[in-house]
Amino acid sequence: MKLDRIKSVVLWSIISAAFIGPGTITTALTAGAGFQLRLLWAVVFATLACIVLQEVSARVIISSGLTFGQCIEKKFKLRWLKWLVAFPVLLGCAAYEAGNILGAVSGLSLLLPGDGRWFTIAITISAACILWAGGSKFISTIMMALVAIMAAAFGVLAWRAEFTTGALLQHALIPALPAGSEWIALALVGTTIVPYNIFIGSAISKGTTIPFMRIGLTISVLVGGLVTACILLAGAHAGGFTSFGLLAEKLQADLGVWGSWVLGAGLSAAGFSSTLTAPYAASLIVNTVLGAESKRSTRLVWALVLLTGFCFGISNVKPIPVILTAQALNGLVLPLLTWFLILLVNDAHLVAVQHQHKKWYNGVLLLIFALTLFIGLNNVDKAIVSAFNLGSGNPMVVVIVAAVAVGLLVVQLFKGKVNVN
Numbered sequence: 227m228k229l230d231r232i233k234s235v236v237l238w239s240i241i242s243a244a245f246i247g248p249g250t251i252t253t254a255l256t257a258g259a260g261f262q263l264r265l266l267w268a269v270v271f272a273t274l275a276c277i278v279l280q281e282v283s284a285r286v287i288i289s290s291g292l293t294f295g296q297c298i299e300k301k302f303k304l305r306w307l308k309w310l311v312a313f314p315v316l317l318g319c320a321a322y323e324a325g326n327i328l329g330a331v332s333g334l335s336l337l338l339p340g341d342g343r344w345f346t347i348a349i350t351i352s353a354a355c356i357l358w359a360g361g362s363k364f365i366s367t368i369m370m371a372l373v374a375i376m377a378a379a380f381g382v383l384a385w386r387a388e389f390t391t392g393a394l395l396q397h398a399l400i401p402a403l404p405a406g407s408e409w410i411a412l413a414l415v416g417t418t419i420v421p422y423n424i425f426i427g428s429a430i431s432k433g434t435t436i437p438f439m440r441i442g443l444t445i446s447v448l449v450g451g452l453v454t455a456c457i458l459l460a461g462a463h464a465g466g467f468t469s470f471g472l473l474a475e476k477l478q479a480d481l482g483v484w485g486s487w488v489l490g491a492g493l494s495a496a497g498f499s500s501t502l503t504a505p506y507a508a509s510l511i512v513n514t515v516l517g518a519e520s521k522r523s524t525r526l527v528w529a530l531v532l533l534t535g536f537c538f539g540i541s542n543v544k545p546i547p548v549i550l551t552a553q554a555l556n557g558l559v560l561p562l563l564t565w566f567l568i569l570l571v572n573d574a575h576l577v578a579v580q581h582q583h584k585k586w587y588n589g590v591l592l593l594i595f596a597l598t599l600f601i602g603l604n605n606v607d608k609a610i611v612s613a614f615n616l617g618s619g620n621p622m623v624v625v626i627v628a629a630v631a632v633g634l635l636v637v638q639l640f641k642g643k644v645n646v647n
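Residue numbers for the sequence shown follow the working numbering, beginning at 227 and rising by one.
Take the hints with a grain of salt, since some may be wrong.
[Stated by the list, open to error] Result set (BS3-like, lysine-lysine): computed pairs, CA atoms no more than 27 Å apart in a straight line:
| hint | residue 1 | residue 2 |
| --- | --- | --- |
| 1 | LYS300 | LYS521 |
| 2 | LYS585 | LYS300 |
| 3 | LYS233 | LYS363 |
| 4 | LYS233 | LYS476 |
| 5 | LYS300 | LYS476 |
| 6 | LYS432 | LYS521 |
| 7 | LYS585 | LYS233 |
| 8 | LYS432 | LYS303 |
| 9 | LYS641 | LYS301 |
| 10 | LYS432 | LYS301 |
| 11 | LYS521 | LYS228 |
| 12 | LYS608 | LYS303 |
| 13 | LYS300 | LYS584 |
| 14 | LYS584 | LYS432 |
| 15 | LYS641 | LYS585 |
| 16 | LYS584 | LYS641 |
| 17 | LYS300 | LYS641 |
| 18 | LYS432 | LYS363 |
| 19 | LYS585 | LYS363 |
| 20 | LYS303 | LYS641 |
| 21 | LYS432 | LYS585 |
| 22 | LYS584 | LYS363 |
| 23 | LYS476 | LYS301 |
| 24 | LYS584 | LYS301 |
[Claimed, not checked] Pairwise CB distance ranges (calculated):
| hint | residue 1 | residue 2 | range |
| --- | --- | --- | --- |
| 25 | LEU395 | TYR587 | 37 to 43 Å |
| 26 | LEU229 | GLY361 | 14 to 20 Å |
| 27 | SER520 | ALA405 | 50 to 56 Å |
| 28 | LEU592 | GLY482 | 16 to 22 Å |
| 29 | GLY589 | LEU399 | 18 to 24 Å |
| 30 | GLY589 | ILE400 | 20 to 26 Å |
| 31 | ASN620 | LYS584 | 36 to 42 Å |
If you are wondering where the hints come from, they were derived from the structure by calculation, not from laboratory data.
Here the structure is a predicted model, which means the values were calculated and not measured.
Note that beta-carbon positions come from the ideal geometry of N, C-alpha and C, so glycine has one too.
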């Protein structure tokens, strides 16, 4: 029994490894440097919301015995819906892969002298070997090791920050939005709850039991949230963040040469974990959502994602139009996935009565849906503003559209006579 719990934690460690990438590190460091501990509550909320959505997704898969794509087909009777949710996430996996590789390169550059191009080649080859050789258990074990490195590295930096327990509890439990912090608070939530993690979670949950899934999922995501909080504390201690190189210099001045090494170890582990999970997630989406079950198809997909990231990374060119498109599309995918999950988990044909939740839990899911939709629409708005140089966004339109969508989902739930336990 104890061994099964350990195996479950190792299996689900891929989720925490997946959302702690260079983007999360940058966001958390910026939040800490700009607002000290005052946005720590956003990390706590995002972690709990991540657990809720991942648990719902896994519960649907385990109870129904179907893949995510099969569940969508059975519920909505529309095959094209699978492509609607899968394509933007696949595009995002490819578009962001260069950033993942370059994040790992930035970390290695703080540890070792050398040409960044050789680091890029080494990271890409290492990732390809792991993805070629491993199934979910092997990859999860690698991820567990990378999470351990991140936890140790950023834990040390957070420990050196020396904030009081009272201050930590206050800012972790009491929400506050200092002037100018609204978007960075949303970014902390958005970088923790990511669409492809839901697909990864639904894929690795197949064949497990709900109790063991909950144990492994909860522990691994809590560890991921703790690491994110430690990164925020490190940023608060540094007092400023503009680049990893300058932060390393500041840490080296404050803590000695090992401060730079610790940052390099944490950043390289985060970058490499995301370098692995983006192509791995893409292969799982093709397999469990689009139904391509052959090993050749899944290998082709992760190879294309990894190769795309390598090409942009080695040339140090950012595919800005592709990234903006991916940001806009993925901004809509997460709330769409949340909408689907709420309807799927309340369907008695997919989730057995003994696995259904209480009626009040739908209120929690609706709150998360509202927030993910607000974040998603805001990302779409920012992508449009950036693409067409419009100068400013339309926050009021975002709020109105989000409110209308939440109202429609509530009506849909009541019309469907959802779970009334």
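Outcome of the hint check:
1. LYS300 to LYS521: 25 Å, holds
2. LYS585 to LYS300: Given that 27 Å is the threshold and the Cα spacing comes to 23 Å, the pair holds.
3. LYS233 to LYS363: Holds. LYS233 to LYS363 sits at ~9 Å (cutoff 27 Å).
4. LYS233 to LYS476: 39 Å, violated
5. LYS300 to LYS476: 55 Å, violated
6. LYS432 to LYS521: Judged against 27 Å, a Cα distance of about 18 Å means the pair holds.
7. LYS585 to LYS233: Given that 27 Å is the threshold and the Cα spacing comes to 32 Å, the pair is violated.
8. LYS432 to LYS303: 22 Å, holds
9. LYS641 to LYS301: 15 Å, holds
10. LYS432 to LYS301: 18 Å, holds
11. LYS521 to LYS228: Cα-Cα ~33 Å, so violated.
12. LYS608 to LYS303: Between LYS608 and LYS303 the Cα gap is close to 33 Å, so the pair fails against 27 Å, i.e. violated.
13. LYS300 to LYS584: Within the cut-off at roughly 23 Å; holds.
14. LYS584 to LYS432: 23 Å, holds
15. LYS641 to LYS585: 15 Å, holds
16. LYS584 to LYS641: 18 Å, holds
17. LYS300 to LYS641: 18 Å, holds
18. LYS432 to LYS363: 13 Å, holds
19. LYS585 to LYS363: Answer violated: LYS585 to LYS363 is near 35 Å, above 27 Å.
20. LYS303 to LYS641: 18 Å, holds
21. LYS432 to LYS585: At roughly 25 Å apart (the allowed maximum being 27 Å), LYS585 and LYS432 satisfy the hint.
22. LYS584 to LYS363: Violated - the C-alpha atoms of LYS363 and LYS584 are around 33 Å apart, more than 27 Å.
23. LYS476 to LYS301: 54 Å, violated
24. LYS584 to LYS301: 21 Å, holds
25. LEU395 to TYR587: 37 to 43 Å: 26 Å, violated
26. LEU229 to GLY361: 14 to 20 Å: 19 Å, holds
27. SER520 to ALA405: 50 to 56 Å: 54 Å, holds
28. LEU592 to GLY482: 16 to 22 Å: 50 Å, violated
29. GLY589 to LEU399: 18 to 24 Å: This hint holds: roughly 20 Å between Cβ atoms.
30. GLY589 to ILE400: 20 to 26 Å: 21 Å, holds
31. ASN620 to LYS584: 36 to 42 Å: Given about 38 Å between the Cβ atoms, the range holds.
The structure fails hints 4, 5, 7, 11, 12, 19, 22, 23, 25, 28 (numbered hints given earlier, in ascending order).
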